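**Student:** Residues per chain, in single letters:
2 protein chains.
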Amino acid sequence: MYTLTMTLDSAARTPMYEQLYRALASDIRAGKLAAGERLPSKRALCAHLGVSIATVETAYGLLLAEGYVRSRPRSGFFVSDFVTLDVPAQTKKPPEPAHPAQPVPDAAAAGPDFSTASVDVSQFPYASWARLYREAVCGHPELLQRGERQGDHALRAALCAFLSEYRGVVCTPEQIVVGAGLEYLFGVLLELLPPEAVCAAEDPGYAGFAHAVSAAGRPLRLLPLDAGGLSVRALEASDAAVAFITPSHQFPMGLTMPADRRSRLLRWASEAPGRFLVEDDYDSEFRYLSRPLSALQGMDGAETVVYLGTFSRSLAPAIRAAYMVLPPPLLARYHALPGHGMSTLSRYEQHVLARFLNEGFYARYLRRVGNVYRRRREALIAALEGIDGVTVSGSGGGIHLLLHNPRFSEEELLARAAAEGITLRGLSSYCAVQPPQPSTLVVGYGGVRDADIPDAAARLKRAWE
Amino acid sequence: MYTLTMTLDSAARTPMYEQLYRALASDIRAGKLAAGERLPSKRALCAHLGVSIATVETAYGLLLAEGYVRSRPRSGFFVSDFVTLDVPAQTKKPPEPAHPAQPVPDAAAAGPDFSTASVDVSQFPYASWARLYREAVCGHPELLQRGERQGDHALRAALCAFLSEYRGVVCTPEQIVVGAGLEYLFGVLLELLPPEAVCAAEDPGYAGFAHAVSAAGRPLRLLPLDAGGLSVRALEASDAAVAFITPSHQFPMGLTMPADRRSRLLRWASEAPGRFLVEDDYDSEFRYLSRPLSALQGMDGAETVVYLGTFSRSLAPAIRAAYMVLPPPLLARYHALPGHGMSTLSRYEQHVLARFLNEGFYARYLRRVGNVYRRRREALIAALEGIDGVTVSGSGGGIHLLLHNPRFSEEELLARAAAEGITLRGLSSYCAVQPPQPSTLVVGYGGVRDADIPDAAARLKRAWE
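From first to last, the protein sequence lines stand for chains Y and U.
Residue numbers 1 to 465, in the numbering used here, belong to the letters of the first sequence in order.
Residue numbers 1 to 465, in the numbering used here, belong to the letters of the second sequence in order.
The set of hints was computed from the structure by calculation and includes no laboratory data.
Computed from a prediction, not measured in an experiment: that's the story for all the values here.
Every residue, glycine too, gets a C-beta built ideally from N, C-alpha and C.
Any given hint could turn out to be false.
[Said to hold, decoys possible] Calculated from the model, a selection of chain U residues having no Cβ within reach of chain Y, i.e. all distances over 12 angstroms:
#1 Glu37
#2 Ile53
#3 Glu378
#4 Ile381
#5 Ala383
#6 Gly386
#7 Ile387
#8 Arg416
#9 Thr423
#10 Pro435
#11 Asp450
#12 Pro454
#13 Ala458
[To be verified] Residues from chain U that keep clear of chain Y, each with C-beta distances beyond 10 angstroms, as calculated:
#14 Leu366
#15 Ser409
#16 Leu424
[As the list claims (entries may be wrong)] Stretch-level coverage of chain Y by chain U, calculated; a stretch enters the list once three of its residues show a Cβ under 8 angstroms from a Cβ in chain U:
#17 122-130
#18 185-198
#19 318-325
Using the sequences and the hints, build the whole thing.
**Tutor:** Right, here's the structure in full:
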């Protein structure tokens, strides 16, 4: 008689009938029970295995339902004509991952955190945030149902009012698309552009847009910066139709784009149909030397600029809300787009954020955390500039700055800092070609603790003097 | 003297200095203040406008900071050499949207809801869900920080245990990628496949995958079904390397794919390198005629199948959590992928869902809502089959069924139902070519109220008899 490959375990969490079913299905797939072969009678099998008749009946019923076997009245169950697989399934273990999932860094163990991705959430208003969430979950059952494709109107209206007041953005809620993360929105945006449209990005620059363009298999040009930001001469000499820029606080150089450069870029966009500027209003929330500059989007009557923003740096990395303001030609294409049935952003998060904006929590929070960053920036600059040879630039806004020390190469600066337990990142790691400045590091201070600054500076002093 | 185009409003919410700055910047951009022209002296302008000297100083300071003007010591402020734009910005209104945002349908006003997208949330455990959210927000400040790229390990471990126990999926948490919405995951998946890889989808079928393939500018083949699901003959005759299938409950035909078809598809995938099956385990949570069938993924040792699932039908449309289980070759490519720095899914939702799975809320909820659907399905089938000429198929699982009535064409069935106030959808709207069955409608019952079924059936009887 046919013998089961698998042993059954009456103490296991999986029911016996399920175990028996899986064992038989596996053996059928592996060809151990051949096509046309008769299964053991139910009584014989239950006696053989010491299980109840109900267990065998249920397992056979499942095999029948799934087409593994056919039933012939008064004859029993026969294995179906079945394409066997070379590799029996149940004997294989799930594969080991090629890389382990990257661990979340432990700030305490890893030394001071100078990553440009880190932000300070010590001032985050947990109690208010939790109350708004609780009210959303308990008081708004409709938030479990399908929401609007572009994001719920309440959030889009709140964003529109906020962007108009604080950033000079000219738009209506109907132009806003809300999604989870800028990377997702880049994907949507690229769907709105013709496949042959060449996209340009800043070099050095934020890698997210360039990755999205490459991942979509679209043509990409990396263009150099000059003192005003993206080089207009390089842009005009290129075949690009779309240019991604960070005018408020260029990443990573920290430049703020002056008005005439903004105007020249808008002029470029207006000179041929189908040209667009993608303005990532990155780090516009924090300015230390002057008031935040208005968005470029508000300068052109909103015809050629796609405006993008997120809350992941101004509020917290895990707040996934990102938004884009589409100019009318792209909005029309968005409406014609199939798919994208519902915003990727949680409707709870949408609801809570709308109240957070409308009820003034967000503006108050920006002031509070802005003051924390302002003090930390001053302390950090003073400490760094106390090291012989070190100067600082690009620190007028945002939560990172550039550190220059011409006494060593970039590589030496990094190696000597690492030997003192300080992990930093060089400017060249953000550059496709030569970095525009030698011996330059990019230092984020969103995640560093105020108390750690003196010791970190002392260690860098030892490393570099 | 130069006269401001804009009038200032001391009662407005925008500060006076900001209004003045905007007015001057707009006039400079429009060329009303020409390059090289001297701005009015601060004292002259404040006298002229009746504002304080501080207001004018702040506005001039902003213009200087942004590069609109240059300062010459003891001479005043001069307009920069500036590229003027043909269209002055501030006079333009934001554009009207091409289409209004689609309204969320009002179920009460629109008649019974037979949409296949609707689900019943009347049994949703609000109190438990809200408690888990509150505990996440108040008790886990770390959830504001950056999470793992593939989704937090706790959720991936909970999914892994659930999928293994309930769906026979063979995987480790390291193979799971969590994101917001299937559409987003389709985008990630396509990045893992070579650009030339031809993707096949079922016709009729779920449009989301086909849209994602087309949006990415990749080659797509729509292949016919037969009684067992996706036609193996058509697949073998095509040049496809990737096939998207819905074996548990084919959408919209409602078929369950028998074991030998599954095996034939796995054989196809194993016959050439780079072939993959994308198994959307759509609607596997609800079965009425037999126990849920195991996932196809578990049959092949997880080598060639990408397994996909969501909570948006089993739990609620606004729960955005979706997941995919990658086979080892694609997992290795995922690890090598740039970008996608953090899961698009809210970490709160990840945390709450992990507890929802681990603490048994989800399994209990599935039983409860499954019973609601089971009773509704029986009542609906009985009511529909009471109409002369009507038969029902594809109703063994999920929350939709096919309605057949050969007495009229599909078009006539829809028009006559609409005249009685019942909105339905025809099978041909899901088909790229001819529908496989004539006179067939696709009827969802996730969103219909039990109490509305008798009246809806009476109206359809009037419409069709």
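**Student:** Does each hint fit the structure? Answer for all of them.
**Tutor:** Taking the hints in turn, this is what the structure says about them:
1. With a closest Cβ-Cβ approach of about 15 angstroms to chain Y, Glu37 of chain U is found to remain outside the 12 angstroms limit, as its non-interface label requires.
2. For Ile53 of chain U, the condition that its CB be more than 12 angstroms from all CB atoms of chain Y holds, with the nearest at approximately 18 angstroms.
3. Distance check for Glu378 of chain U against chain Y: the nearest CB is about 19 angstroms away, which clears 12 angstroms, and the non-interface claim stands.
4. The beta carbon of Ile381 of chain U is kept farther than 12 angstroms from every beta carbon of chain Y, the shortest such distance being approximately 19 angstroms.
5. At the 12 angstroms boundary, the C-beta of Ala383 of chain U stays outside the reach of chain Y, the nearest C-beta of that chain being 25 angstroms off.
6. Against chain Y, the non-interface label of Gly386 of chain U holds: every CB pair exceeds 12 angstroms, the least being about 28 angstroms.
7. No beta-carbon of chain Y comes within 12 angstroms of the beta-carbon of Ile387 of chain U; the shortest separation is about 29 angstroms.
8. Separation of Arg416 of chain U from chain Y is adequate, the least Cβ-Cβ distance of about 28 angstroms exceeding the 12 angstroms criterion.
9. Interface exclusion of Thr423 of chain U from chain Y stands, the closest Cβ pair being 16 angstroms apart, more than 12 angstroms.
10. Listed as outside the interface, Pro435 of chain U is consistent with that label: its C-beta sits roughly 19 angstroms from the nearest C-beta of chain Y, beyond the 12 angstroms cut-off.
11. With a closest Cβ-Cβ approach of about 18 angstroms to chain Y, Asp450 of chain U is found to remain outside the 12 angstroms limit, as its non-interface label requires.
12. The claim that Pro454 of chain U is not at the interface with chain Y holds, since no C-beta of that chain comes within 12 angstroms of its own (minimum 25 angstroms).
13. Against the 12 angstroms criterion, Ala458 of chain U stays outside the reach of chain Y, whose nearest CB is about 27 angstroms from its own CB.
14. Every CB of chain Y lies more than 10 angstroms from the CB of Leu366 of chain U, the least distance being 16 angstroms, so the non-interface label holds.
15. Once the 10 angstroms rule is applied to beta carbons, Ser409 of chain U is consistent with being away from chain Y; the minimum gap is 26 angstroms.
16. Here Leu424 of chain U stays apart from chain Y, with its beta-carbon at least about 19 angstroms from theirs, past the 10 angstroms limit.
17. Only residues whose C-beta sits within less than 8 angstroms of a C-beta in chain U count toward coverage, and the region 122-130 of chain Y has 5 of them, enough to reach three; the restraint holds.
18. Judged by the Cβ-Cβ criterion of 8 angstroms, the region 185-198 of chain Y is covered by chain U as claimed, because 3 of its residues qualify and three suffice.
19. With a cut-off of 8 angstroms between beta carbons, the region 318-325 of chain Y has 3 residues touching chain U; three or more are needed, and the interface restraint holds.
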